[in-house]
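Protein chains in written order, with the numbering used here: chain R, 1 to 102; chain G, 1 to 168; chain X, 1 to 741; chain Y, 1 to 518.
Warning: the hint list may mix true and false statements.
Pairs of lysine-lysine residues, derived as BS3-like cross-links and limited to a Cα-Cα distance of at most 30 Å, are as follows [what the hints assert, rightly or not]: (1) Y:K466 to X:K142; (2) X:K142 to Y:K462; (3) Y:K462 to X:K195; (4) Y:K466 to Y:K115; (5) Y:K466 to X:K195; (6) X:K195 to X:K142; (7) Y:K73 to G:K140; (8) X:K142 to X:K545.
Here chain G is said to cover these stretches of chain R; the calculated rule only asks that three of the stretch's residues, wherever they fall, bring their Cβ under 8 Å from a Cβ of chain G [what the hints assert, rightly or not]: (9) 34-40; (10) 65-71.
No wet-lab data here; the hints were simulated from the structure.
These numbers were taken from a predicted model, which means no experiment stands behind them.
The beta-carbon is built from N, C-alpha and C at its ideal position, and this holds for glycine as well.
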Amino acid sequence: MYPITLTHYLAAGAFLFAMGVVACIARRNAVGILIGIELILNAANVNLVAFARYWNNLDGEVFAIIVIILAACEAAVALAIIINLFRGFGTVEVDYASKLKE
Amino acid sequence: MSPEIVQAVIFYFLAAMLVVSCAIVVFSHSIVNACFALLFTLLAVAGFYALLGADFLAVTQVVVYVGGILVLLLFGILLTSPLPIVLGVATRRTYYLAVAAGAAVFAMLMIIVRAFWAGQPAVPEQQSTLEALGMLLLGKYLFPFEFASLTLLAALIGAAYLVRRNDR
Amino acid sequence: MAMADYFIHLCIAIFLLPLTAFVVVALFHRRLPRHGDWIVISFMGVALILALVIFAGALNAAAHQQALRQHRSWEWLLLNFPKANSAETGVAGAAAPSALEGVSPAGAVRVGILLDGLTAVMLVVVTVVSFLVFLYSSAYLKGDVRYGRYYACLSLFATSMLGLVLSDNLLTLYIFWELVGFCSYLLIGHWFERKSAADAAIKAFITTRIGDVGMLIGILLIYSSVGSFRYEDIFRYVQEGGMSDSVSILGLEGSLRFWAAVGLFFGAMGKSAQFPLHVWLPDAMEGPTPVSALIHAATMVAAGVYLVGRMHPFFPPEALLFVAYIGAITAALSATIALVMDDIKKVLAYSTISQLGYMMLGLGVGGEVGGVAAGFLFGLFHLTTHAFFKAGLFLGSGSVIHAAHHEQSMWQYGGLARKLPVTFATFLIFTLSLCGFPYLTSGFFTKDGIIGAALQFGMQHPSHRILGWTALGAAGLTSFYMFRLIFLTFFGRPRNEHLYHHAHESPWAMVLPLLVLAVLSLGFVGSNRTFGLLHEDSWFSTLVKRPSLVAHPAESALPAESAAAAHGMEPVAAEHGAGHTADSIHLLPEAHHQALVGSITVFLAGLIGAALVYYFQWIRADAIARIFRPVYVLLLNKWYMDHLYRACVILPYLVFCYFIRLVDTYVIDAVVNFWGWAGRAGAWLVGRMDLEIVDGAVNGTAWSTGFAGRILRLTQTGQVRNYILILVAGATALLLLFWKI
Amino acid sequence: MVVPDSLLLTLITFVPIVGLLVILCIPSRAAAAIRWTSAGFTGIVFVLTCLMLGRYFALGGPSSGGMFYFVVKADWISTYHIQYYMGADGLSVSLIFLTGLLSFLACFAAFGIQKGVKGFHAMYQLLVCGMMGVFCAKDLFLFYVFWELMLLPMYFLIGVWGGPRREYAAIKFFIYTLVGSVLMLLAMLALYFQYRHTGRPFDIDFLIEQQPFRTALGIQQLLFWAFFICFAIKIPMFPFHTWLPDAHVEAPTAISVILAGVLLKMGGYGIFRINLPMFMDTTTGTTLGVSTLYIIAVFGLINIIYGAFCAMAQTDFKKLVAYSSVSHMGYVLLGIAAMNRAAVNGAVFQMFNHGLSSAMLFLLVGVIYDRAHHREIARFGGLGAHMPRYFALAIIGFFSSLGLPGLNGFISEVMVFLGAFTADERILPYARVITLMASVGVVLTAGYILWCMQRVYLGELKPEYKAFPDANAIEIFTLAPLAVLCIVLGIFPNLALRVFDGTMVSLIHQLYPVASGF
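Build the full structure now, drawing on both the sequences and the hints.
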């Protein structure tokens, strides 16, 4: 059995990232897209922390904390927008919203 | 069991949890289900952090993501989706496209990862980084940290302003 | 010398008095009683007294066999390299500035005041004429709309003119030279509501400025060789053999000194209205008549003569010959035009040009090498006497015009002698002086001296005999047209009864200057003390000496003539002993007699001719005009000089300007605009590609065609998934491209 | 001293930013308050520049031989070795003073603007900051930043508050300047990568000391011309001049004043500050086998003559003045090329004088444009008699531009002529021929200026202008100081010459060391 190396964590991050991309593309619901973005951010965080450990340099972890903070901001604002969107259009389907714009 | 084995076991367990929960998050027809699955994904990531010795981050992950963002998302879903809660996955064609794109991204990232970081030695056993992290955050990175907190504050105020019911 | 500082301070005071008056009047003339004319006049009066003090001092010094020569200078303008470096870095070919008085150790150009006999004389001329004209103007321009401005300009003019004669260097001379031109511009255009006046002002400024370019080039040449502007430095440099390098311009070979001198003379030609740059002066008569008297008869136009006189030692013989010929041509040409002019001021203007030509001729033949010393002296002397009687003539004509309610055509006058007795009497004196009435008038002596010098020059250099004869002929013409003027204006039957009826003698402020000038035009001014002609020095020749640069008098540079000159001169000089050396101011007896007889003869001939035609009317003027019609038309059109300039200079110039403008707009700017257009076209093309190819490849569906048109809208579809897909596809493509899996 | 020396330049540069913030805080309704605040802040800047001039003399600047004063130096972006490095020598001091004066006076000329007062004055303050910064900066990157900073407000000031074709003019100005900036940026990058390892790649002092690419003259020449074209566009040198007439014609009066009075000087300043000392081998050597200075002199000659011809043919009053700027800036190029004390001092003095006289001319045009709302020269006539005070100022302005002795323009022109004519043939080949040809410009200048004056001011008063009032107090206030300076500097030119003479002499000695035999 191989020991757990950096590559493993990076693979996990890559998987998370790919799934985030799929969610962003496949979901029509705005909340779904938001979830996808959260996944992508988490993927980045996993990589950051893994690298930080590997290089024994805590800067990566600081970055991860800041990413989490920004994710929180983003979630708050995005949900506010989604709610407004819902109020305006009665739906949170992004395609519909974009069609209205024309 | 040697620590490596324990570590490996925990890692693979977390990885399995991640894969399954992630799949549900992405492919589930119900947005609520997706949200709950996201809980496990996030927990898995928190586990990774703990495994990597980033205990503070693990805790933060749980508190902020699970306790904050996820709840926020659920509220968002409940507030916006009329029952029955359907999820909106796009047309079948888009769906396939999405999966293909995801696969491509994954493949691509894996290629890069293997090209650069294959065969690295095992990640060493870690001590807690809490103290060092604290020093960093309130020392070298004080300004970005404070700035981030300011951003958070601004975002919260902005969000509150945005969802304020318009009386007109 | 004890009086040194004292005189220099007087000079400064003379300069500053009108300057102060100018500043005060220019700023406050609206608030001052009578627009402040009394300030200008009284300040000028004080300056006049100071000038007379200096003049008396100079005469006194001359009586004690001393020459007045004082100098004071100040640092003014940083130009040269500081002395410490000058030896190494100095300008090519320049003498070490340490030897130059006109440059300070710090490398600044020094400018200052040079007071010598010539300056003293010029100071008196300028202040006397200025004062009288200022006084005269107070009556002539009474009630004018821009009375205050007029006096401010006059004052500025006096300042500049005094500065010009006080300068000890070419740079400040050039500055004041331009400033007097500027004042002339303002004053010619005094009544600028009249288009003709505005046109004349511009013409005067531009024409003289063309000459000034030549002068500037001359100054540049001198400065680049000498490294200083001061007369002294220049003379010394030339004396040491500087500026003798041969330079060929337009196929003409000449020394650097020659070209510099010609350049300077170009400036003089512009300012002193010498052929072919004389065309502005007749038009300048659009200005008020006192202005014509002051600027365009007595002082400013004489500045060119003054310049040649001041720089006379610098002029090599070839350049002086050029000066002499230009002077002779000008004298004759303008005299012919004056014959047919009807406007009283135009006649006087052409007469002025003609007399300026005489002065140039005198200076031209007065060269130190192979020339006639008397020519130099009488050239400048004629400047002095001419200033008085020509100013008088203009003021007199102003009196007539004033009386005739600004009618200027002589054919509207007639018989005015009875109505304007004082004007007539003084006018007659001025005319006689101009025409050279023997012995009783100042003009006779000086003009006779010039003619004599020209004749003597012809004797020494037989191929240049024509100069003397031209001068004599022009004198006859002068006599004719001046008496034509007199007869038409003051004699005969009034041709315009109404005008005649209303004519009246001018007020005292106008008459008094006439009387003063009349006195100054009498013979004693031009004569020597004993009234025995030219046997002893006149006051002028005791004050003004021709500066000498030549160490060895036998050296003559006049090509081809040098041998003849040497042979022509020496025996004669030997014959007449010590009194007639090459440097003597006295003429040879032959030349003197020829000039005397000749000028009296032509004077009488002109007088009689004019009387026959215009007084007795035995010969009808129109009959002559009919017989010599082509000549008459030629003269009436002023030798077609104006037409020539308009057709050959002004018109092509304007056409070229518009051509350049077209080039600028349609060639150079068009290139710029083309690039702008090309950029836009490129952007459009890229936009199209984005629309048709990139987008089509991604979606492949029909709706993309619905977005034909703007790229901007296309990118804002809100389809997040499309962006991500494109991103992924692009990243994959890049990876495949570069990774070579 | 009230202000410490090291703070002076910083204050001069950034006081306008404070002004900008203050103006932004004033509600747009209070137009008068905004105008006076703007004037107040430019006034403060002007007072500071006067203070600086005084300190410069007090510190012995004129006799120091090109030392820099008021130096302030601090790290700014240390990763790229970019410093906040400012300092002023005689050249900077004189131009900073000019900028202070003109921005103060032009602010009053902008009082007539009614539309978007707040925006205008905010932009104006930013512009002042940029201009000052350019003249103060001693770090190449800082220089570039200010250079670009000034571009932005200028674009908006022309594009929003300009005449009918303002968008076209603004974009043309912007693109032209941007092209130049790009060249400068590329050259700066080349310098950066060459000297990154030394840790001072943008320090102008250091670069001058190093003489970049001494051993690779081809590259040095490339850099020289990249910088030169950037500055030549600003000057503006033929054939890069066509933005100028459009920008001038469309810009509001105050901006035309700044444009002609200050912006054009930046080109000359840049050449003196960067081109000549930094690339000495190219300056004193050849480009493509032709003497570099000779090329500059020929373009200067073309500017003089070509600008004069173009000006003569213009029908628009402002365009005429704009082309006269082209002609006058040619003297600057000619002076630069001749490279001796008289010529270089003359060139700097010409920049200063042109700043005064062209500012006056644009203000003068502005005065009648405000009344007549058109600028067709042919439609004017007889204004001189009708507006005597204005006419008196106009005479001084126009004749200063014409180069009448006794006014400042003459001194600088004659210095350039004298310098260029006496230039060493080894330094500037055919110097005499070029100077002789350029001297024709004197007549051409007289031609177009007098003709223009005649058509506008002389002749009979056209009836439609009967109601025009004479210049009012504000107009006189803006014009009179310039007129007085024109006269004073015409009579006592050493007042100005002493400020930058030492700097210029040391520059020349730097380029042509005494020992080299020139």
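Could you work out which earlier hints the structure fails to respect and list their numbers in ascending sequence?
8
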